[in-house]
Structure formats: C-alpha cells, structure tokens
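Enquirer: These are the residues of each chain, in order.
There are 2 protein chains.
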Amino acid sequence: MLKKQLIMEKALELFSEQGFEATSVQQITDRCGISKGAFYLSFKTKDELVISMVDYYLQQFIIDVDQVVRGTYNKETVLVEFYKSIFQAFKDHSASARVFFNEKVFLTKKELFHKITAYEAEMSKSILYMLEQLYQDQLQETKYDVMYCIKGFMKSYAELFIFSDMPLDLEQLAKSLAEKTDIIAHHTTIPFITADLVPFIAKPCEQDVSKDAVLQLLEQNINHAEDSIEKESIELLKQEIENPTYGKAIIKGLIENLRLDPAYHWIAYVTAKYFNI
Amino acid sequence: MLKKQLIMEKALELFSEQGFEATSVQQITDRCGISKGAFYLSFKTKDELVISMVDYYLQQFIIDVDQVVRGTYNKETVLVEFYKSIFQAFKDHSASARVFFNEKVFLTKKELFHKITAYEAEMSKSILYMLEQLYQDQLQETKYDVMYCIKGFMKSYAELFIFSDMPLDLEQLAKSLAEKTDIIAHHTTIPFITADLVPFIAKPCEQDVSKDAVLQLLEQNINHAEDSIEKESIELLKQEIENPTYGKAIIKGLIENLRLDPAYHWIAYVTAKYFNI
DNA sequence: TATACTAATGACTAATCGGTCATTTGTCAA
DNA sequence: TTGACAAATGACCGATTAGTCATTAGTATA
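Those protein sequence lines, which keep their order, are chains A and B.
Here the first sequence stands for residues 1 to 277, where the numbers follow full-length UniProt numbering.
Here the second sequence stands for residues 1 to 277, where the numbers follow full-length UniProt numbering.
Hints in this document: simulated from the structure, not taken from any laboratory.
Some hints could be false.
The list cannot tell twin chains apart, which means a pair is met if one copy fits it or any two copies do.
Unchecked claim - Quick list of in silico lysine-lysine cross-link-like pairs, BS3-like style, CA-CA up to 25 Å: (1) K4 <-> K231; (2) K155 <-> K175; (3) K91 <-> K110; (4) K36 <-> K238; (5) K151 <-> K84; (6) K110 <-> K4; (7) K46 <-> K75; (8) K91 <-> K238; (9) K155 <-> K125; (10) K110 <-> K151; (11) K3 <-> K273; (12) K211 <-> K273; (13) K151 <-> K211.
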C-alpha cells in the first residue's frame with residue numbers, strides 16, 4: 001500500500017512535468033528507485049495507475065471542499081472559508097491541480113473523463129448546497145449561474161497558483177472572490193442556466209448514490225481495514241444498508257469513526273450521502 | 001498550401017479525439033488519404049505541425065475578438081457583442097477550442113506553452129482595452145480583477161459548448177454574462193490583482209511588438225504573396241519600418257490592404273500594433 | 001542450516017513510434 | 001513517344017514503448 005503511494009506521488013511529479021503519454025513506466029520506476037517489475041506488482045497497467053491517481057487526488061479535494069461548506073455555520077465567513085480552502089489546496093497540490101484540472105490529459109480516455117466529470121459534479125453539488133444555505137429563496141432563478149461564476153473564478157485565479165510560485169495573500173484573494181460572489185448573487189437578474197436547461201447539463205454521472213455502489217465500496221475496503229473499530233464500523237454499516245435497524249445517531253457515529261482516518265474519508269463521505277446525513 | 005490545411009484539419013480532429021501524444025503521424029495521413037512521406041513534404045516534424053496549428057487556429061480567435069472590441073463603438077452593446085463573438089467561435093470551432101484552450105496538451109513543450117501563453121496575453125490586452133473604453137477611470141483599482149472574472153466566465157461557460165452539442169441561445173448567454181461583467185465592474189471594492197502584482201503575472205512574452213519580429217514576419221510572407229497589391233503593401237511596410245517616411249494615413253491604408261485577405265489578417269494585426277494604429 | 005515463501009528484478013518481446021529514402025507515379029514540354 | 005522533373009509512395013530503420021516472466025534476493029519458520 002505504501003509502494004502504491006510512492007508510485008502515485010512520483011508519477012504525479014513526472015506527469016506534471018511532461019504529461020501522461022510522454023511519461024514512460026521506466027521513468028516512473030527510475031524515480032521511485034524500484035524495478036519495472038515492481039511497478040506491475042502494484043498496478044496491473046499504466047492506465048490503472050492513472051485511474052487510481054484520479055481517485056486518490058480528487059477525492060481529497062472534494063472532501064476538503066465539502067467539509068468547509070457543511071462545517072462552517074457562520075454565514076458571514078463561509079464564502080471566504082470556501083475560497084481559502086480551494087486555493088490552499090491549489091497551493092499545496094499545484095502539481096495534481098495542474099494535471100487533473102487544468103490539463104485534461106485524460107479527456108480522451110472515456111472512462112477517466114467520466115470519472116473526472118463525476119468528481120466535478122460532486123463539487124458542483126457542494127457549491128450549490130452552500131449557495132442554498134447562504135441565500136435560500138433569494139436565488140431561485142440564478143443559482144446555477146452563480147455556481148458557474150464561482151467555478152469560473154476558481155479556474156481563472158487558479159492560474160496564479162499553478163503557473164507561478166510567487167507568494168500570494170490567500171486571505172485577500174478569498175475576501176476578494178467572496179465579495180465578487182456575493183455581488184453576483186445579489187445583483188444578477190438575467191439568468192442563462194435555467195432550471196429546464198439543467199437536466200441537459202447534468203453530466204452522465206450517478207445523480208444519487210446507489211445502494212449497490214455503496215455496498216461494493218464497503219465490501220472492497222472491509223479487508224484493507226486493520227483497526228478493528230473501523231472494520232467493525234464498515235461491517236455494521238454494510239448490514240445497516242442491507243437491513244435497516246439503527247437510528248440516525250448510531251449510523252452517523254459509525255460514519256464518524258471512519259472519517260477519523262484519512263484512508264476512509266471517501267467511504268465516510270459516500271456513505272453519509274447514502275444515508276442523507 | 002492546401003495540403004497543409006488538409007493535414008491541419010484532420011490532425012485537429014484526431015487531436016481532439018485522442019490527444020496529441022496519442023495520435024500518430026500514420027493515423028493523420030490515413031485520415032487525409034495520403035502517404036506518410038507526403039506528410040513530411042508539408043511539415044518537417046510532427047512538432048512543426050503542432051506549432052503551425054497553434055498559429056493557424058489561435059490567431060483567428062485573437063483577431064476576431066480584437067475586431068469586435070475595437071470595432072464596436074456602442075458602449076451599450078460592446079460587452080454583449082464581445083461575448084457573442086467569443087462563444088460563436090467556441091461553437092464553430094469546438095474541436096480547436098477543446099484542444100488549445102481546455103486541454104493544455106502542450107503544457108510540457110516549453111516553446112508551445114509560451115506560444116499559447118503569448119496568445120492568451122494578446123486576448124487579455126484586448127479585454128483590458130475594452131474595459132478601459134467602457135469604464136475609463138472608474139476602474140483604476142479593479143480592472144485586472146474584472147479581466148480575470150471575464151476570463152473565468154469564458155472558461156466556465158465554454159464547457160457548455162465544448163462538451164455537448166445542445167442548442168444554446170447565444171444572445172441570451174451574451175446578455176447574461178454582459179450583465180454579470182457590468183455588475184462586477186460597478187460593485188467590486190476589494191481588488192486582488194493590484195497594479196504592483198501585475199508585472200509578476202505578466203507572462204514571459206513580448207510586451208511590445210519588437211521591430212525585428214515584425215520585419216521577420218513581413219519577410220517570411222513577402223514571397224507567399226501572389227496578389228501584387230498585397231506584395232507591394234508588405235514591401236512598403238517593410239521599408240517604412242526600416243526607414244520611416246510616410247504618415248499614419250498611408251501606413252493605415254497599407255495595413256488595411258492586407259486586412260482584406262484572411263491570409264494576412266495576422267500580419268495586419270501585428271503591424272498595426274507596431275505602428276500603434 | 002535447511003526449507004518455503006514472497007518480493008523484487010531486469011533482460012526480453014512484440015508492437016509502435018517518428019522519421020528517411022530509394023523507388024514509383026504523374027505531368028509536363030519537346 | 002520520349003525524357004526530365006516534381007510529387008507521392010511505403011518499406012524500412014533505429015529508438016522507445018507497455019507489459020512479461022524466468023530468475024534472484026530477502027525473510028521468516030522449523
């Protein structure tokens with residue numbers, strides 16, 4: 001498992017320097033200080049490496065954003081905190097941001113394109129949730145437009161982090177974009193993305209978390225679990241899905257058990273969605 | 001010359017389907033219905049093809065935007081016209097937009113990265129010019145931020161054109177984004193990109209058009225010219241650069257001669273910049 | 001020490017790449 | 001019809017690729 005992480009990190013470096021197609025497995029293993037054979041013990045193919053990397057790096061990003069959005073109860077600061085966490089992530093992980101967001105190296109591989117699109121849709125949901133909490137009914141007509149503006153701000157200002165390493169005042173940037181977002185939200189009168197357009201924009205990704213998908217995810221991870229608390233929590237959540245027994249409090253507790261370990265963040269996130277918690 | 005265009009068009013199709021590195025010269029020539037050898041009669045290397053494509057497709061885009069910005073004198077409509085032309089271009093050339101803007105396939109090749117960055121900087125200049133004309137002194141502190149917002153709107157909404165082919169109301173989109181731009185311009189109070197930050201952001205590209213660069217460009221194209229008017233105009237402009245003689249009117253006239261032929265749009269654009277016309 | 005097992009190696013293969021060049025094809029004027 | 005020239009071809013080359021597998025190194029148990 002540690003080997004996998006090493007490979008993913010070094011591969012990310014190389015991908016961000018040279019791109020995906022231009023980076024050979026040999027180069028990756030050289031930088032890792034391992035043999036080519038060892039690579040194929042961790043990943044069946046080069047493509048599988050990339051798929052794992054997308055999951056590894058984008059899940060973290062989505063989770064961070066969602067936690068800020070759902071964890072900040074102060075309406076005055078939630079927008080600022082949102083932008084701060086986004087750009088802090090761009091700053092800390094500029095290599096993966098460059099590879100996965102700005103380049104869309106993987107545009108061509110259908111499976112990966114859908115994966116990335118699905119993660120982007122997750123982020124859109126978090127943003128929409130934030131807007132609904134902030135502006136409630138004031139934003140009926142224009143909330144999708146405001147969301148698109150936010151994503152545009154992100155894409156545009158991310159350049160500053162991705163293509164240069166000059167010191168930037170994150171706090172000031174977050175304040176500036178929060179103000180812009182608030183201005184747009186309050187003053188926009190001409191929407192473009194209307195409710196009837198949304199179904200066509202919504203990308204081919206699971207709108208809701210399906211029962212089978214969650215069960216499969218839990219199944220996959222039940223064996224990796226070493227800590228007994230986590231193993232038991234996963235086991236119990238699996239049973240709960242197949243045969244609902246406990247109340248919300250217990251379910252939430254089990255999920256929180258998982259959320260404590262970064263390795264289970266994603267499971268916690270998805271399971272919470274399934275149970276609407 | 002026609003062969004070159006055929007190759008560039010078919011290559012663009014393949015690049016947008018599979019990406020640059022993943023597309024082989026063989027595939028390109030197969031789709032063109034020519035032999036591999038014939039390819040190398042038109043382009044010395046695969047890289048040279050890509051460089052030519054960047055010039056061919058991005059120049060058109062920059063010129064279109066600049067013409068709208070400088071040609072629309074009605075302050076009420078310039079923003080709407082600007083967005084309409086941008087998204088019309090995205091709609092008409094979604095393949096090249098996908099390849100050159102959204103993917104940055106060429107991020108890794110230094111030369112190409114600088115080229116694309118330079119073209120983007122050209123567009124930024126056009127946008128800034130538009131903002132200065134529209135808002136004049138009202139936008140001292142925040143004009144760079146507004147420009148970044150505009151570029152963000154473009155990047156975000158361009159998705160709709162690039163990743164789906166549903167019919168969209170261009171007029172409505174342009175009006176909606178024009179309103180958003182106007183709102184941002186009027187209400188923003190917290191700038192992020194301040195004047196002292198700009199020199200660091202400005203990318204390593206020729207800030208002003210250098211004399212030698214223009215001379216070289218004219219030199220290169222003097223032989224391609226078939227129409228005698230155009231050949232003569234280029235010749236005279238070259239002499240004018242080396243030895244200023246005529247007044248603005250004559251120079252502008254010579255440039256306009258070139259602007260009439262799409263093949264010389266770019267030369268006209270650059271030369272006009274050199275003479276500050 | 002001997003045995004059994006897994007982890008790790010790197011030489012190897014078959015395929016594909018960008019690019020070359022001797023050869024063929026097509027098109028003129030003579 | 002011939003000869004001269006340019007346009008076009010595709011077999012071929014060396015280099016590189018993703019992926020394999022017989023072999024070796026390392027480690028734990030008996």
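Enquirer: Checking K155 and K125: alpha-carbon separation at most 25 Å within a copy, between copies, both or neither?
Expert: both (17 Å within a copy, 19 Å between copies)
Enquirer: Give the relationship of K155 and K175 under a CA distance limit of 25 Å: within one copy only, between copies only, both, or neither.
Expert: both (17 Å within a copy, 22 Å between copies)
Enquirer: With identical chains treated as interchangeable, where does the CA-CA distance between K4 and K231 reach 25 Å or less: within a copy, between copies, both, or neither?
Expert: within (22 Å within a copy, 62 Å between copies)
Enquirer: Are the CA atoms of K151 and K84 at most 25 Å apart within a copy, between copies, both, or neither?
Expert: both (14 Å within a copy, 20 Å between copies)
Enquirer: How would you label the pair K151, K211 (within, between, both, or neither) given a Cα cut-off of 25 Å?
Expert: neither (30 Å within a copy, 40 Å between copies)
Enquirer: How would you classify K36 and K238 at a CA-CA limit of 25 Å: within, between, both, or neither?
Expert: Classified as neither; 38 Å inside a copy, 58 Å across copies.
Enquirer: Cα distance capped at 25 Å. Does K46 pair with K75 within a copy, between copies, both, or neither?
Expert: Result: close neither inside a copy nor across copies, 45 Å intra and 54 Å inter.
Enquirer: Taking 25 Å as the upper bound on the Cα-Cα distance, should K91 and K110 be classified as within, between, both, or neither?
Expert: between (29 Å within a copy, 22 Å between copies)
Enquirer: Given a CA cutoff of 25 Å, do K110 and K4 count as a within-copy pair, a between-copy pair, both, or neither?
Expert: Classified as within: same-chain Cα gap 24 Å, cross-chain 30 Å, threshold 25 Å.
Enquirer: With identical chains, the pair K211 and K273 could be close in the same copy or across copies; at 25 Å between alpha carbons, which is it: within, between, both, or neither?
Expert: Within one copy only: 11 Å inside a chain, 61 Å across chains, cut-off 25 Å.
Enquirer: Tell me, please, which holds for K110 and K151 at an alpha-carbon limit of 25 Å: within, between, both or neither?
Expert: within (23 Å within a copy, 28 Å between copies)
Enquirer: Since the copies are identical, ignore which copy is meant and state whether K91 and K238 lie within 25 Å (CA to CA) inside a copy, between copies, both or neither.
Expert: Neither. Shortest intra-copy (37 Å) and inter-copy (47 Å) distances fail the 25 Å Cα cut-off.
Of the hints listed earlier, those the structure fails to meet are numbers 4, 7, 8, 11, 13, in rising order.
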